[in-house]
Amino acid sequence: MAWVDTVLQGLMLGGLYALFATGLSLIFGVMRVVNLAHGDLSILAAFVAVVVVETLGLNPLLALLLVVPLMAALGFVLQVVILNRLLGRGILPPILVTFGFSIIIQNALLETFSADSRRLNPGGIETASLSLGSGLAVGWFPFITLAAAVLILVGLQLVISRTSVGRAFRATSDDHETAELMGIDNRRLYGLAMALSLGIVAVAGVFLGIRTTFAFSSGPDRLLFAFEAVIIGGLGSLWGTLVGGAVLGIAQTVGAKLSPGWGILTGHLVFLAVLLLRPQGLFTRGRRIS
Amino acid sequence: MSLLRVRSLSAFYGSFQALFDVSLEADEGETVAVIGANGAGKSTVLRAIAGALPVTPAAVEFDGRRVGGGPAHELVARGIVMVPEGRRIFPSLSVEENLRVGAYRGRPGPWSLARVYDLFPVLAARRGQPGTNLSGGEQQMLAIGRGLMANPRVLLVDEISLGLAPLVVRALYQVLRAVTREGTTAILVDQDVSEIMQLAQRVYCLRKGAVSLEGRPADLTRHRIAAAYFGV
Amino acid sequence: MEPAAVRIERTTRASRIGAVGGALVLIVLLSLPAWGDPSTMRLLVEFIALLVLAQMWNLLAGYAGLVSIGQQAYVGLGGYALVVVADDLGVNPFVAVPLAGVVAAAFALPTAAIVFRFHGGYFAVGTWAIAEVYRLLVANTGALGRGSGRTLKAVFPLARETREVTTYLLALAIGVAALAAVYVFLRSRHGLGLMAIRDSEHGSETLGVDVFRTKLVVYVGVAFGTGVTGALIYLNLLRISPDAGFSINWTAYTIFIVVIGGLGSLEGPLIGTALFFLVREYLSDYGAWYMILLGALAVGVMLAYPQGLWGMVAERWDLRFFPVGRRVERDPSPRPSPRRGEGGTP
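Protein chains in written order, with numbering that gives the first Met the number 0: chain A, 0 to 289; chain B, 0 to 231; chain C, 0 to 345.
Where hints are given, some of them may not hold.
[Claimed, not checked] One-sided and incomplete, this derived list gives chain B residues near chain A with beta-carbon spacing under 8 Å:
hint: 1; residue: A49
hint: 2; residue: H72
hint: 3; residue: A149
Please keep in mind that the hints were generated in silico from the structure rather than gathered at the bench.
Built from N, CA and C at the ideal position, the CB exists for glycine as well.
Can you make the complete structure from the sequences, with help from the hints?
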């Protein structure tokens, strides 16, 4: 039964990874940009939550009500003020500028919060467990994380497929010149996409901070896991992202069970295997990665 | 009074000059044709009017306002709507979604999804399919329908006959005739001269980026048009 | 109509002056051990190491269009290869430096097989993922000292002064060789092909440029150069650990240097490295602030002066110290044109 337990843990972890991955692939889908500061922004959100919790005495889950809009607003501003100015200049500038953001954020966090590890405390819920029968139990909190991931994914899917904004996202992603001719303001739309992405990543960051300790340098690993989840699941598919996250999560937990230092490495190796054997990911139908 | 006026428009792609001092006018409700050989600059004129090219604000005047240079998405809100060359249907959207995107700015007017489906029953039959599943002629209908959904005051149609069979082209021009009869101003660009001349009240011929002929179709002989078109 | 008589020029007046100036600087640097002090030599080794890393990254990203944020993999691999080859295999540590480059290049082949499946931003993250894999593999290997790393013991028998001077001279040799290699490559047919790929991958393919092979050659070559530099760095520092050798900071420093100095030129990284050391000199007391400043500077330069500081200067005054392009100039001495009626093709 211990293995089933491990797999279940991995599945829950996968929910968290799917959240990270969703923000990343949304931006890539709409704007063809990889935000290298993606992970660091989630850690920034976690630290903002720390500040909110310490000054207002709120439960971290309630703090989300403040943190998410704040981060979304930050995303909008970053896009409109800086990243939009790089449009039409090729792939290099966004990579370099978001990399610059990543370094700035990490060092700013180091200066402000020192190198100490932090953790968000939601008052007991993170240790409570839910019994599944036949001796199996999952933590309440990982379960909530997975549920939140699924809810957010469903919500995002609905927005993209049913709303005017969602159509605008898809149209702009297809052909941004013609989208302009339809009256779509690409620049504002990109701002909106970035706001959405950062809002989602803020949720991911806070959930991460509840689940485990974090510090100023925890960002890059989140980016890597998000990236791996996206690639494993396959580009262009939101549900693929959930599956990708789950596969990565399970690989990591199983690997860690086999040998404590090998958890993350196992995840990397599974990622490499998928890349070599089925580069289009598990969910897409044979398209190239580009 | 002219609804749309282009004055001394010069346009560049990088350091290449595509238009030299082009001027044209369209009165409210009028259909204007812009003809010319490949590369003469016809699409460039439309793109400049639609706001998709950087030009001086004074070069394009719409409803008394200087609108040269766009941005294109704002001009759509004012009622300048382009049906682009090559149709440019969005592959990730269904037929109906393509039409709905046309109405993104929510301009009030007579056109709605129901009316567009009335005009193009073929589109209604295929409303749930991906936009690019349609044939060339059907895609052109979809592109026009998409443009109409924006409730345009001026409809710009770029190269409507490109790659289409003559029968299909004729049917499309029937539709355009019905649309313009309702009072929509239209500026049409096409390499195929015959259909367009029957529809337009005014025609401009471009050659190498400059206006080589203008007038009413009834006043122009085939000989004069050919001379202006080819420059012989 | 008679076509205007032109000729293709490669050198410029600035480059001729620059060549003379560069030779003078080199002579001064070579003589340094005789009159300079050890701390200056150590600083120069660091300077040269960063300069070469920057030139390598510039070749990869600015010319080949391959934006890698995983070059630290080769710094780490080169550093560890130095320790293994010198300590475990008993090779002279100074000879082990270029050999470490070969080891790094060997690892670049399977790495390329993986990362070349990606393009653009995903290529960047892919290179980083691989670097992390290398870091974790090394950190989990007992023979390599796991998390605490290893010390270079092969230099212990040497007198301190001998070691420092030899390291310094080796650094000079590496610096000159790297600059020369990049310069020669870019001026060659392959360099031209590379710049064509950068400008238009598809277009250059139709002209017969073997895009994949050119990119692979550049990637492996840069890995070699980076590996050699990694070995040099740890020859200077004497101690390596996975977190240090495979640190993202190597990439951060080189990116900032190249972006601020100027991407896609040989002079840019030179300016950038000088600026980097200046900033470090004055701000090192302020901890993380100097990284924040560098980051903000890089972002600002990218927004306002995408060609970097050197690019701005070069545009304004048309300066090229390392001319890798070709200029068309009017030929003042016209050649006689072939006469009509004579046989043969013109």
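Hint by hint, here is what the structure shows:
1. A hinted interface residue such as B:A49 counts as satisfied when its beta carbon comes closer than 8 Å to some beta carbon of chain A; here the least separation is about 6 Å, so the hint holds.
2. With 8 Å as the threshold, the beta carbon of B:H72 comes within range of chain A, its nearest partner Cβ sitting at about 5 Å, so the hint holds.
3. Below 8 Å, beta-carbon pairs count as interface contacts, and B:A149 has one with chain A at about 7 Å; its hint therefore holds.
Checked against the numbered hints given earlier, this structure breaks none of them.
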